[in-house]
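Here's the letter readout for the chains.
2 protein chains.
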Amino acid sequence: MGLVERRQRQKEEVRNSILTAAWEQVLSEGWTSLSIRKIADAIEYSVPVIYSHFASKDAILLEFTRQGFQRLIGQIKESALCEKEPAERLEGIAQTYWQFAFDNREYYQLMFGLGIPTCETANHIVEMRQFSEVITTTINQLIAGGPNADANVYLKFRTYWSILHGLVSIQMIDSTAATNKQSTAVLHDAVSGFVKSLIH
Amino acid sequence: MGLVERRQRQKEEVRNSILTAAWEQVLSEGWTSLSIRKIADAIEYSVPVIYSHFASKDAILLEFTRQGFQRLIGQIKESALCEKEPAERLEGIAQTYWQFAFDNREYYQLMFGLGIPTCETANHIVEMRQFSEVITTTINQLIAGGPNADANVYLKFRTYWSILHGLVSIQMIDSTAATNKQSTAVLHDAVSGFVKSLIH
DNA sequence: TTCGCTTTTATAACGGTGTTAACTTTTATA
DNA sequence: TATAAAAGTTAACACCGTTATAAAAGCGAA
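Chains F and L, in that order, are what the protein sequence lines are.
Under the numbering used here, the residues of the first sequence are numbered 2 to 201, in order.
Under the numbering used here, the residues of the second sequence are numbered 2 to 201, in order.
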């Protein structure tokens, strides 16, 4: 008798309905006004049911953070496969990162904006490490054999990521200021500058 | 009779006590757990008194944002005076910006972290425009007569600012990762790369 | 089928938040 | 001294996250 299995499946369904209801609220009202009570209302269950699936509101946000990183790393790996040359790969990753941020503003804001993932929470997200790995590997390929072969790769990764994050968040702050074309030009400018500094 | 003046002075004192009480709370517990009620408790007044000085909690946060920009622009102008050469000036401003962010983590997080100042709120802060002006002017001095004299200065400003903000916020996310010396090295690296791209 | 046990779900409360309406006290003026 | 204005307080409203407690439902054994 697949009784316990059916129950498991039903539980899973409720869990998913919680997440989709939460996501709809985030899309229509933003992260700040997301509330457990409104989720309960939307899925037509009482509040404590939510707490039998998630330990706290933060746990729900963490789940979305995880999802966000999963998406991001998926798209980045995909774009990394397209380019053979490390230099072009770094350019492609940058474009993908940028695209992700503005295709998924809510995700990006949760992942890096408010909340500010501390070292503890961020390190618990496996996908974050993958993100770091893909880029670090590419940088390594780029500088191997060059004049900067002895550079601290982790520091270089941080610089690269900083450039991306900085450009994205400044663009998000005043998104009316520059056109999309201008902004991607800035992105290209900054990244190519970084790449040049690595191989010269 | 300096009666109305005395009252004005007393009102001002209460206003200041609100801000200092709020600031103490922020220092000890962070922005998220700052509350009107706790402020009222600290200054030994009832809650509505606070609302006779500030229209809302956001108004209090806005006041601190203003203060933050005031400090930042003050320190930046000071450091800009030290250096005559535009290239070194940009280096100095970057160091000052970095220093400000980590000397005043709470300010920086309020100004750029949570909340994410939208274009509307940010533009109402006069000091923000000054910030933009000082840097834009310096960039202009740097590229005038060079091979990039026709570059879009505003875009270049955005790139510069993005580099700074990116480095600072990534450093804040995992502040245990790199030593201060390494981080300022990264800062120098990134900024000098930017400067080179402007004059070559 | 009915009893009892376990799982699931709901009600209601606790302590907290920002905000404001209504009331009281103090203060200064005519 | 009466009166109008200012200052301040109490208490409420409508929320929030979280949880203790009670009710309902589902299921196995008698």
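A few of these clues could be false.
Pairs count within a copy or across copies, as identical chains cannot be separated in the list.
[Stated by the list, open to error] Pairs of lysine-lysine, BS3-like flavour, derived with a Cα cap of 30 Å:
id: 1; residue 1: Lys58; residue 2: Lys39
id: 2; residue 1: Lys85; residue 2: Lys58
id: 3; residue 1: Lys39; residue 2: Lys182
id: 4; residue 1: Lys85; residue 2: Lys197
id: 5; residue 1: Lys39; residue 2: Lys12
id: 6; residue 1: Lys58; residue 2: Lys12
These are computed hints drawn from the structure, not numbers from a lab.
Cross-check of the supplied hints:
no., hint, result
1, Lys58 x Lys39, "both (12 Å within a copy, 23 Å between copies)"
2, Lys85 x Lys58, "neither (43 Å within a copy, 53 Å between copies)"
3, Lys39 x Lys182, "neither (39 Å within a copy, 47 Å between copies)"
4, Lys85 x Lys197, "both (17 Å within a copy, 28 Å between copies)"
5, Lys39 x Lys12, "within (19 Å within a copy, 41 Å between copies)"
6, Lys58 x Lys12, "within (18 Å within a copy, 40 Å between copies)"
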